[in-house]
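Asks: One-letter residues, chain by chain:
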Amino acid sequence: MNGIHDLGGMHGHGPIAPEKDEPAFHAPWEARMLGIRRGATFPPEVNIDRWRHLRELIPPHLYLSRSYYDHWYMSYVAALLQSGWMTAEEIKSGHAAPGGARRNDAMRPEEVWEAQKTRGIFTRAVATLPMFAIGQRVRARNIHPTGHTRLPRYVRGKIGVVRLHHGGHVFPDANAHGQGEAPQHLYTIAFPMRELWGSDASPHDEACADLWESYLEPA
Amino acid sequence: MSQHSHSHDDSVEMARHHHIHADLPPDPALRVKALESLLTDKGLVDPATIDAWVETYESRIGPRNGAKVVAKAWVDPDYKQRLLSDATTAIAELDLLGSQGQHMVALENTPGIHNLVVCTLCSCYPLPLLGLPPTWYKSAPYRSRAVLDPRGVLREFGLDLPEHVKIRVWDSTAEVRYLVLPERPAGTEHLNEAQLATLVTRNAMIGVAKVTA
Numbered sequence: 000m001n002g003i004h005d006l007g008g009m010h011g012h013g014p015i016a017p018e019k020d021e022p023a024f025h026a027p028w029e030a031r032m033l034g035i036r037r038g039a040t041f042p043p044e045v046n047i048d049r050w051r052h053l054r055e056l057i058p059p060h061l062y063l064s065r066s067y068y069d070h071w072y073m074s075y076v077a078a079l080l081q082s083g084w085m086t087a088e089e090i091k092s093g094h095a096a097p098g099g100a101r102r103n104d105a106m107r108p109e110e111v112w113e114a115q116k117t118r119g120i121f122t123r124a125v126a127t128l129p130m131f132a133i134g135q136r137v138r139a140r141n142i143h144p145t146g147h148t149r150l151p152r153y154v155r156g157k158i159g160v161v162r163l164h165h166g167g168h169v170f171p172d173a174n175a176h177g178q179g180e181a182p183q184h185l186y187t188i189a190f191p192m193r194e195l196w197g198s199d200a201s202p203h204d205e206a207c208a209d210l211w212e213s214y215l216e217p218a
Numbered sequence: 000m001s002q003h004s005h006s007h008d009d010s011v012e013m014a015r016h017h018h019i020h021a022d023l024p025p026d027p028a029l030r031v032k033a034l035e036s037l038l039t040d041k042g043l044v045d046p047a048t049i050d051a052w053v054e055t056y057e058s059r060i061g062p063r064n065g066a067k068v069v070a071k072a073w074v075d076p077d078y079k080q081r082l083l084s085d086a087t088t089a090i091a092e093l094d095l096l097g098s099q100g101q102h103m104v105a106l107e108n109t110p111g112i113h114n115l116v117v118c119t120l121c122s123c124y125p126l127p128l129l130g131l132p133p134t135w136y137k138s139a140p141y142r143s144r145a146v147l148d149p150r151g152v153l154r155e156f157g158l159d160l161p162e163h164v165k166i167r168v169w170d171s172t173a174e175v176r177y178l179v180l181p182e183r184p185a186g187t188e189h190l191n192e193a194q195l196a197t198l199v200t201r202n203a204m205i206g207v208a209k210v211t212a
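Heads up: the sequence lines are chains A and B, in that order. When we follow numbering that gives the first Met the number 0, the leftmost residue of the first sequence carries the number 0, and every step to the right adds one. When we follow numbering that gives the first Met the number 0, the leftmost residue of the second sequence carries the number 0, and every step to the right adds one.
Treat the hints loosely; a few may be bogus.
[Claimed, not checked] Okay, derived cross-link-like pairs now, SDA-like style, lysine to any residue, Cα gap no bigger than 25 Å in a straight line:
#1 B:Lys137 <-> A:Glu88
#2 A:Lys116 <-> A:Tyr62
#3 B:Lys137 <-> A:Asn1
#4 A:Lys91 <-> B:Leu37
[Stated by the list, open to error] Sample of chain B residues with no beta-carbon within 10 Å of chain A, all distances over it, derived:
#5 Asp45
#6 Thr55
#7 Arg63
#8 Asn108
#9 Thr109
#10 Leu120
#11 Glu162
#12 Ala173
#13 Glu188
#14 Asn191
#15 Ala193
#16 Thr197
#17 Lys209
Honestly, the hints are just simulated from the structure, not real lab data. Predicted model, so just to flag it, every value in this text is computed and none were measured. For every residue, glycine included, the Cβ atom is placed at its ideal position computed from N, Cα and C.
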């Protein structure tokens, strides 16, 4: 979707303002929200790609005005409501409706480190040979999917060169929408800054993005 | 086109649930407290597991992990070669892979090439090696301008690179995570691997700083 999250290339968001000696968390609730994200049970359809899409769907004014861990709160609440695991009344009150079932399969503290070490492997076998070779010129397709995509707007229609080939990876555009992992070859494409931003950009510099095969066409 | 319309319907349905936020208190501390209580009531989370995750990210995972990789590459040419050709395997040798850092690429800074890492679409970051990302990395100013004006961004971090240095920006749009291998600073020939690791900063491994002796 062409959402507010797709920030690459925008002006007007102000100075970067790094914080000196920034703490891990700015308030205790941020730490609790991190632990909920990592340790709570999620509806089974909420994989990493659907999670990212839920965050993209935060209304733009809230996306820009609320802090990072509040995005996580909003995304998880949206997931719980959509799955039917919670009602809006329960979220508002903080109390479970009477008579609801209680689960007993939540992650235990002693399972945390194993989860950290083993989760999040997204490479998959792909039956087809890679369509593109390292060094080949390719164009990022000028497409505008309405659902989740990892093809940023600033590269669409632009020509770059295949820099790396990563083998098969889970395809987010499908995985976010319950259409399976549908793995595809994944490549790193290097785009000259002048191709992206015109003749005022540096002739030496480039920006690389990791793009799946169906985002690309020969150029 | 059926795939796109399916996605669209699904996304509209997902977006509808964000409307609840108009009816909730603005203070996130209150909302998160209520959520944790509700999840605990329903058996969807164990508060002790939340504690364990916080402890993990506060004390077991952080930039010193990435610094170990960098320092080893500086003192061991064979390791450096393995790191640059297959970072995932080289980092696995040190048992430092993990969630949000299972598929790794290392980017070598040289006198002629400077690498800079960003995630324009969200906040992808090599957590097992660098810990939790700083707020600026996750925020709109950095995410919007790192790909458009990296030289201007680097100047905001106090790094003014000469025009002849090529800048490569790496936008983490997939599940590959990038670690910058900074240049070893001059005058560190007498330091051992552990001493070198103490010089390596998080910002240098993102590419917004150089390592100084």
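Asks: Just pull the numbers of the violated hints for me, sorted ascending.
Replies: 1, 2, 5, 6, 10, 11 and 12
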